[in-house]
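Below, each chain spelled out in residue letters.
Protein chains: 2
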Amino acid sequence: MASDRPRFAFSLKARDGRARTGEIAMRRGTIRTPAFMPVGTAATVKAMKPESVRATGADIILGNTYHLMLRPGAERMARLGGLHEFMRWDRPILTDSGGYQVMSLSDLRKLTEKGVEFRSHIDGSKHMLTPERSIEIQRLLGSDIVMAFDECPRADRPMAEIEASMELSMRWAQRSRDAFDAGGEHAANAALFGIQQGALDRGLRARSAEALRAIDFDGYAVGGLAVGEGQEAMFGVLDYAPDMLPEEAPRYLMGVGKPDDLVGAVERGIDMFDCVLPTRSGRNGQGFTWNGPINLRNARHAEDTGPLDPRCTCPTCGNYSRAYLHHLHKSGEILGAMLLTEHNLSFYQQLMQTMRDAIGAGTFAAFAATFRADYLEA
Amino acid sequence: MASDRPRFAFSLKARDGRARTGEIAMRRGTIRTPAFMPVGTAATVKAMKPESVRATGADIILGNTYHLMLRPGAERMARLGGLHEFMRWDRPILTDSGGYQVMSLSDLRKLTEKGVEFRSHIDGSKHMLTPERSIEIQRLLGSDIVMAFDECPRADRPMAEIEASMELSMRWAQRSRDAFDAGGEHAANAALFGIQQGALDRGLRARSAEALRAIDFDGYAVGGLAVGEGQEAMFGVLDYAPDMLPEEAPRYLMGVGKPDDLVGAVERGIDMFDCVLPTRSGRNGQGFTWNGPINLRNARHAEDTGPLDPRCTCPTCGNYSRAYLHHLHKSGEILGAMLLTEHNLSFYQQLMQTMRDAIGAGTFAAFAATFRADYLEA
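The listed protein sequences derive, respectively, from chains A and B.
Using full-length UniProt numbering, the first residue of the first sequence is number 1, and each one after it goes up by one.
Using full-length UniProt numbering, the first residue of the second sequence is number 1, and each one after it goes up by one.
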């Protein structure tokens, strides 16, 4: 790791309305913002080689603590030289805390002040995640951006429950901070992000932001969104929540989203995103284009010799026809997942680059209007 | 297609015992022999981009008439510009005749002098394959090396049945020749191979070879092997069958095989091979090495930071550990299939190159002895 590079330095280069563009300099590389992070769940961005992920324009990827702690295991990963060496990705990796997946994937959860007890969805084995253990796992993985361990309740739970959960998450945020700071060399080279909770309630969001600012983090995530509340409700929160967070730190909207979600969130001041949508869609036959998503399994593509998206610069669009992609997806061929994932990730990165350019040029509002006309009304 | 290149010119460069090395010059490229052809069943070498297939050292790939006639369909493929354009492989493609898959995959077959009636294994639709239709399909696909349509009975059938089947295949070989020759521009740019039958019977093999020589083909396949008879019985046939075929034409052993099968068959005068083994194994976790095949799902690889094969020059062995391949295959990740398929195809091509070099140097016997000691007795 190049120690002549900063541990974590976020510099804003331009603003356009509430939208911002800049970069985060870290030991393992620079992250251009607004940034989209492809998800590498199980130490692989599914159906992609790491050099191909990089070629799409990704500066950083995300790894899932929950999946990696179960397989291959955090201590084993450390013995193997860490996640970067294991999967051959030498640029920054952000790891989530495992909290979200414990809630959504595992069985037999028991939530206490200490942490969460759960059973693996793979083999039923019993595990415990606490703020301290989550941070330790992320250190063992060699994460560059470590996420605080939090609890993410559904937005439709009773308000008292959401409030209690947010308060628990803020106590866990402090414990995460303390555990991270005790991490020695890792703490000297990595960054720690806190996560704002509070569901759809402005007052709770303000209290959560205040608690996080008091603890002090390198960056701040807006958590607890994209959990079924819908785009309108999400944008409603984003109308105020990012501005509650420090202006000089990056703001990360976790688990989002569709291309039009990204545009609306950047418009509201978000700097970082991750989502499985482009990779998962790539395996399921959904391709993203500037004129909206299309289902390549649809028979209307069977004899279409044109590219998936004529404006796209990716290798898939440069080489292959919609007819071929249709054939591969109808036939369940692995190459279909490979080519469409590569396109979708490229499309997402082209969208991010276009947004960064528009913010830099002060033309974001015009870009967003054109994007929506093409993408949503095609 | 470069018309200044020969339609089909096989030149032998060296012999070593019965082993031969040379090259086949064709319109779309030159095929170094002995050659291994990766199988591209459904217009894709599974889990590989075409440029990666080429980078392994493959000069030619195989396409399956049966699969392609069912999906996307031969006439549709022709409208889309042919198989090369569809799958973006611009070098030679050999297509089989569909006869073997009709017997092994489809339902409700009815065999007559005219051809075979069958139902698709995909949707149950009814189809008919005759020598004329098989050749027409291969022309519509744009095949460079067209295979005669034959019937391949199991080697354990009664002798009278095997004899009758061989004689039928020889009548079909003549009809295939006539249909191919009527193919106009395609016939002027492609080659036609006949297929020797006769199972494990020397007399039938001789009569089949005589019939094929009378018809005259660009190349000759040894058919009806690798259908369950075992390596010893196969080598028994190869001890005499290739020498019954014209010396100045390439000899192709269909559907073979394991690395030790290839070495033994080259030793007996075979010039061309195809097999799904390296690609299928790549998806199933079996990796080929100079010290024999290994199962990457085995727990003993879980913390092995060494490469799959230290002698292999492929990108997988250059970048990734056995531990990572183990993790990917245990987790069912597509990247596991991608990386292991690339290694296996590279290993096969390195084996072929090593054999070509040994024949050229007159050291094939020594190579084969060393290979067997390392590969079979490891």
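Please note: incorrect hints may appear among the correct ones.
Claimed, not checked - Once the Cα atoms are required to be at most 30 Å apart in a straight line, the calculated DSBU-like pairs of lysine-lysine come out as: (1) K330(A) <-> K13(B); (2) K110(B) <-> K330(A); (3) K46(B) <-> K330(A); (4) K126(B) <-> K110(A); (5) K330(A) <-> K330(B); (6) K126(A) <-> K110(A).
Hints in this document: simulated from the structure, not taken from any laboratory.
Predicted model only: the values in this text are computed from it and were never measured.
Hints versus structure:
With a C-alpha separation of about 44 Å, the suggested pair K330(A) and K13(B) falls outside the 30 Å cut-off, and the hint is violated. The hinted pair formed by K110(B) and K330(A) meets the criterion: a straight-line CA distance of about 28 Å does not exceed 30 Å. Note on K46(B) and K330(A): the hinted pairing holds, with a Cα-Cα distance of about 14 Å set against a maximum of 30 Å. At most 30 Å may separate the alpha-carbon atoms for a hinted pair to count; K126(B) and K110(A) exceed this at roughly 57 Å.
Between K330(A) and K330(B), the direct Cα distance comes to roughly 26 Å. Compliance with the 30 Å bound is thereby established for this hinted pair. With a CA separation close to 11 Å, the supplied pair K126(A) and K110(A) stays within the 30 Å bound.
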